[in-house]
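**Student:** Chain residues, written in single-letter form:
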Amino acid sequence: MGQKEILGNLASAIVEGDNDKAIKNAKEVLSSKIDPLKAVEEGLSKGMAIVGERFEKGDAFLPELLMAADTFNAAMVLLKPEIEAQKKQVTKAGTVLIGTVKGDVHNIGKNIVATVLETHGFEVIDIGVDNPSLNFIQEAEKVKAQVIALSSLMTTTMPGQKEVIETLKEMHLREKYFVIVGGGPVTQEWADKIGADGYGRSAVQAVEIVKKLLGERI
Amino acid sequence: MLNFLDIYERALKGPIMTEKDFDMKLFMPILNKVVKAYGIQYDRENPIPSDDRAADNLFNAALEFMSQVGVYCQDTNRVIQFTRAEVLEAIKEAPGRCLAGEGKDAGVFGMRKPDDRKVPWLHVGSGIVATTEEMATNLIESYGCIAEANSISISALDSIRGIPVMAGSPAELYAAIRGVKIGREALRRAGRPGLPIMNLISTAAAAVTTIAASAPQFGLRPTDGWLVGAISEMKIDFGAMNKVAYLLNWGANIGAESSPILGGYCGGPAGTAVVSTAYVLMGLLVHRGSYQLTFPVHFKYGCSTPRDVLWAVSASCQAASRNIPMPVIWLGYIAGGPNTKIFFYESAAYLLCTVTSGAPSAQTPHPAKAVKIDGITPMEAKFGVEMAKAASKFDRQKANELVIRLLEKYESQIEIAPTGSKYQECYDIITGKPSQEYLWLYNEVKEELTRMGIIFE
Numbered sequence: 070m071g072q073k074e075i076l077g078n079l080a081s082a083i084v085e086g087d088n089d090k091a092i093k094n095a096k097e098v099l100s101s102k103i104d105p106l107k108a109v110e111e112g113l114s115k116g117m118a119i120v121g122e123r124f125e126k127g128d129a130f131l132p133e134l135l136m137a138a139d140t141f142n143a144a145m146v147l148l149k150p151e152i153e154a155q156k157k158q159v160t161k162a163g164t165v166l167i168g169t170v171k172g173d174v175h176n177i178g179k180n181i182v183a184t185v186l187e188t189h190g191f192e193v194i195d196i197g198v199d200n201p202s203l204n205f206i207q208e209a210e211k212v213k214a215q216v217i218a219l220s221s222l223m224t225t226t227m228p229g230q231k232e233v234i235e236t237l238k239e240m241h242l243r244e245k246y247f248v249i250v251g252g253g254p255v256t257q258e259w260a261d262k263i264g265a266d267g268y269g270r271s272a273v274q275a276v277e278i279v280k281k282l283l284g285e286r287i
Numbered sequence: 341m342l343n344f345l346d347i348y349e350r351a352l353k354g355p356i357m358t359e360k361d362f363d364m365k366l367f368m369p370i371l372n373k374v375v376k377a378y379g380i381q382y383d384r385e386n387p388i389p390s391d392d393r394a395a396d397n398l399f400n401a402a403l404e405f406m407s408q409v410g411v412y413c414q415d416t417n418r419v420i421q422f423t424r425a426e427v428l429e430a431i432k433e434a435p436g437r438c439l440a441g442e443g444k445d446a447g448v449f450g451m452r453k454p455d456d457r458k459v460p461w462l463h464v465g466s467g468i469v470a471t472t473e474e475m476a477t478n479l480i481e482s483y484g485c486i487a488e489a490n491s492i493s494i495s496a497l498d499s500i501r502g503i504p505v506m507a508g509s510p511a512e513l514y515a516a517i518r519g520v521k522i523g524r525e526a527l528r529r530a531g532r533p534g535l536p537i538m539n540l541i542s543t544a545a546a547a548v549t550t551i552a553a554s555a556p557q558f559g560l561r562p563t564d565g566w567l568v569g570a571i572s573e574m575k576i577d578f579g580a581m582n583k584v585a586y587l588l589n590w591g592a593n594i595g596a597e598s599s600p601i602l603g604g605y606c607g608g609p610a611g612t613a614v615v616s617t618a619y620v621l622m623g624l625l626v627h628r629g630s631y632q633l634t635f636p637v638h639f640k641y642g643c644s645t646p647r648d649v650l651w652a653v654s655a656s657c658q659a660a661s662r663n664i665p666m667p668v669i670w671l672g673y674i675a676g677g678p679n680t681k682i683f684f685y686e687s688a689a690y691l692l693c694t695v696t697s698g699a700p701s702a703q704t705p706h707p708a709k710a711v712k713i714d715g716i717t718p719m720e721a722k723f724g725v726e727m728a729k730a731a732s733k734f735d736r737q738k739a740n741e742l743v744i745r746l747l748e749k750y751e752s753q754i755e756i757a758p759t760g761s762k763y764q765e766c767y768d769i770i771t772g773k774p775s776q777e778y779l780w781l782y783n784e785v786k787e788e789l790t791r792m793g794i795i796f797e
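Taken in order, these protein sequences are the chains called G and X.
For the first sequence, the numbering used here assigns the number 70 to the initial residue and increments by one for each residue that follows.
For the second sequence, the numbering used here assigns the number 341 to the initial residue and increments by one for each residue that follows.
Since the hints were derived computationally from the structure, they do not count as laboratory data.
No residue lacks a Cβ here, since even glycine has one placed at the ideal position from N, Cα and C.
Treat the hints with care, since some could be wrong.
Claimed, not checked - Derived coverage of chain X by chain G (criterion: at least 3 residues anywhere in the stretch with Cβ under 8 Å from a Cβ of chain G; other residues may be distant):
(1) 506 to 514
(2) 736 to 745
Said to hold, decoys possible - In silico DSSO-like cross-links for lysine-lysine, where the CA-CA straight-line distance does not exceed 30 Å:
(3) Lys373(X) <-> Lys93(G)
(4) Lys157(G) <-> Lys280(G)
(5) Lys360(X) <-> Lys149(G)
(6) Lys432(X) <-> Lys126(G)
Pulled out of the complex, with its shape left as it was, chain G reads as follows (with noise of 0.2 Å):
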């Protein structure tokens, strides 16, 4: 198989959820010696490109993207150790800190917005659901997070995004993240009320945030 064929098959393996493809075809990656980091960029991150439009479309929904992040994953446990022996990382757009606050169990809304912030092509740490506000800033420390993002889906979890924002000024570290906040019940009007530093209506909406503000911090 030459090389054009190897990484769009990557590419279509992501696009049908097909681990089995994946991993045949990153193993055809490391037998033909060709660049990994180009397979990822050029193989599998394209086929994340395209799940990822369609969902914007609502031509495909979270199960789709679940599937593809799964397989991406799947080709990455061959991929990553040959990428890491040459030297090389992939390069990311950003670390997401994401979870749902204190007394919220809700996590759809989390999910779709994480992943879909994986198909950009940032990390994003997933802490889960009902996390006390120093759990957020703990965590964020240790991943060295850039983005600190905040799911609240009922009316009575919503202080626990404000109590997240007013902890990291108590603690002096307001400055060192950004803070956006979503979910059901939350409004820009609320955003700008607790200070956060973004309010994404939808999972697309977050992605163009998250980039707008590292953007602006590069």
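Got chain G sorted already, so can you dock chain X onto it with the hints?
**Tutor:** Positioned in the frame of chain G, the structure of chain X alone reads:
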């Protein structure tokens, strides 16, 4: 029949797996398989299908899905599983009715079928947050004054003595108790103290708060109704199970609450229709519900009125009303807010969809996706009742034609729908009367709908 302790035991002994594995290896693949095997297909041209065989087929798909997937317990990381025979037995033994309210306001909330001309059980109001006790009282009193109201939902409070309510906090407990007392008193002012409140406890997110504020000395009765939520999708936790345990011991009405998300784990409209129907089975088996409240929404728009959600709602409402004896309140989340025309177009479409699809109950459609604080007025409640009654005069086919015309009016605007006015911006807080502008808008929209063929009594 299984009792609740049997369910709890299954939460302790069922197959163990991570939540991610439940979603990725059980829920999504089996849903995909069932949708294909049963040929469940979204029909874009007909948001309200008129095909009883398709409705029964969807029910069978949901039955298979439920018996293969089960319900995930987040606290034990195990799956509560049911055999097909157990699900069918639960259906066979379900009473199909809920006794609610006291005295002259007592009633039987029962079943309807698609194309049924019987007026549905009219559930009025919402748990949308009210920032002052005065507004909450005015709203609830106005709901009680709607003569046709069979039950009501009461407002949630977001602060107590200026302290914001946070889930699971003492402030939430104080506010929950206060909210319940306001609800009862407001109904007394309306002359309907026996009217059942069926969205208990709107201010309380945590189980401990719900249980504590339910103590009878605060005014609640077992003939009211408590909402116990599922966690999307097809999950439960000990908090919800504790509420169920308490309410069962008291003999109170339990309302199983669900909100399948089109675009989330359910995928597109076909998968959402299957899961929406399966939730009614979950409501019977796990929540032990006397009734159900469900509000499917679109993941991107956060509302129930995009065309694909209407289809999923209609299809699953038909499947459930034909096959599962569970009185369900089908609730619509509306993109447009109070005092906007789009609110009324969307609400009309949603009520035509559900009422003609056999919805046992219609609730006041919730403006601005139920998230605008002070974002509901008595006008929306009044319209909900009038429109539900008007919708009951149509069959599915006629309703479908009307919904298609209504979609032309609002479909392209959903994403940018205005959130409208707060209560205090279009109503007099002291007198509880609407502004002249809102009255004009309301009458204008009703005339428009009447010209379309919708006859209001």
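**Student:** Does each hint fit the structure? Answer for all of them.
**Tutor:** To see whether the hints hold, each was checked on the structure:
Residues of the region 506 to 514 of chain X lying with their CB closer than 8 Å to a CB of chain G number 4, which satisfies the three-residue condition for coverage. Here's how the region 736 to 745 of chain X fares: 0 of its residues keep a CB closer than 8 Å to some CB of chain G, so the rule of at least three is not met and the hint is violated. For the hint pairing Lys373(X) with Lys93(G), the CA-to-CA distance comes to about 25 Å; that is within 30 Å, so the pair holds. For the given pair, Lys157(G) sits about 24 Å from Lys280(G) by alpha-carbon distance, which is consistent with the 30 Å threshold.
This hinted pair checks out: Lys360(X) and Lys149(G) have alpha carbons roughly 23 Å apart, not beyond 30 Å. A hinted pair counts as satisfied when its Cα atoms are at most 30 Å apart, and Lys432(X) with Lys126(G) does not qualify at roughly 43 Å.
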